[in-house]
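Residue numbers (the working numbering), protein chains in the order written: chain V, 1 to 113; chain H, 1 to 112.
Think of the hints as simulated: they come from the structure by calculation, not from any bench. Treat each hint with caution, since some may be false.
[What the hints assert, rightly or not] Taking lysine-lysine and the DSBU-like style, the derived pairs with C-alpha atoms no more than 35 angstroms apart in a straight line are:
(1) V/K14 - H/K42
(2) V/K9 - H/K42
(3) H/K42 - H/K56
(4) H/K68 - H/K56
(5) H/K71 - H/K56
(6) H/K42 - H/K68
Only a predicted model underlies this, so the values are computations on that prediction, with no experimental measurement involved.
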Amino acid sequence: NAGVTQTPKFQVLKTGQSMTLQCAQDMNHEYMSWYRQDPGMGLRLIHYSVGAGITDQGEVPNGYNVSRSTTEDFPLRLLSAAPSQTSVYFCASSYQGRGGGYTFGSGTRLTVV
Amino acid sequence: GESVGLHLPTLSVQEGDNSIINCAYSNSASDYFIWYKQESGKGPQFIIDIRSNMDKRQGQRVTVLLNKTVKHLSLQIAATQPGDSAVYFCAVGDTGRRALTFGSGTRLQVQP
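Here chain V stands alone, though its shape is the one from the complex:
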């Protein structure tokens, strides 16, 4: 099925560990983005990309890195996990990032202990 695929669905990390959250889409969307969702809050933009080789920071980029080597993939790297990064992470893509609907993945629930 076409859409946005995120892996893993759940992850527990120890403080200081690093890991990569994977995101892949098969809709040939130019625009991809990462959001985090904390309890009782809306989604906050971490990083986004308007095409392969182009990335930019969102509202809460500290502690995260991204790269976009292909149109399909947009991995999010946590460099040194902290308890404050415990959250649910969503990847989203759209054709051009303007208007219309974004397609979201089903999320990765990350706990940092």
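Chain H: place on chain V using the hints.
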């Protein structure tokens, strides 16, 4: 920067009634607005959007109203059903920046 707020964290309605969920935004340069539905354990699902050159748009059982003068938008759900129970987010976009700012969400509870 943009800030987006929802007027009520929780809205409880009777099945069959109409629901209205409100959202306020701050940036007058915002030019597109989207409503999402999020069910427990799932990612946000697109419901309907509206551009700044419109003040009303209708979908199936849903209507979005935009008042740019007071920077307010609303989502109306007609004949609310139990399957409509979810958290609803408004998201506001700026074409120049190509990023969305989300509100904190309203939980809609539909009572049978």
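We went through each hint and held it up to the structure:
The straight-line distance between the Cα atoms of V/K14 and H/K42 is roughly 25 angstroms, inside the 35 angstroms bound, and the hint therefore holds. Of the supplied pair hints, the one linking V/K9 and H/K42 holds, its CA atoms being roughly 11 angstroms apart against a limit of 35 angstroms. Between the alpha carbons of H/K42 and H/K56 the distance comes to roughly 28 angstroms, so the proposed pair stays at or under 35 angstroms and holds. Between the alpha carbons of H/K68 and H/K56 the distance comes to roughly 11 angstroms, so the proposed pair stays at or under 35 angstroms and holds.
Between H/K71 and H/K56, the direct Cα distance comes to roughly 14 angstroms. Compliance with the 35 angstroms bound is thereby established for this hinted pair. Restraint check for H/K42 and H/K68: the C-alpha separation of about 31 angstroms stays at or below 35 angstroms, so the hint holds.
When held up to the earlier numbered hints, the structure conflicts with none and fits them all.
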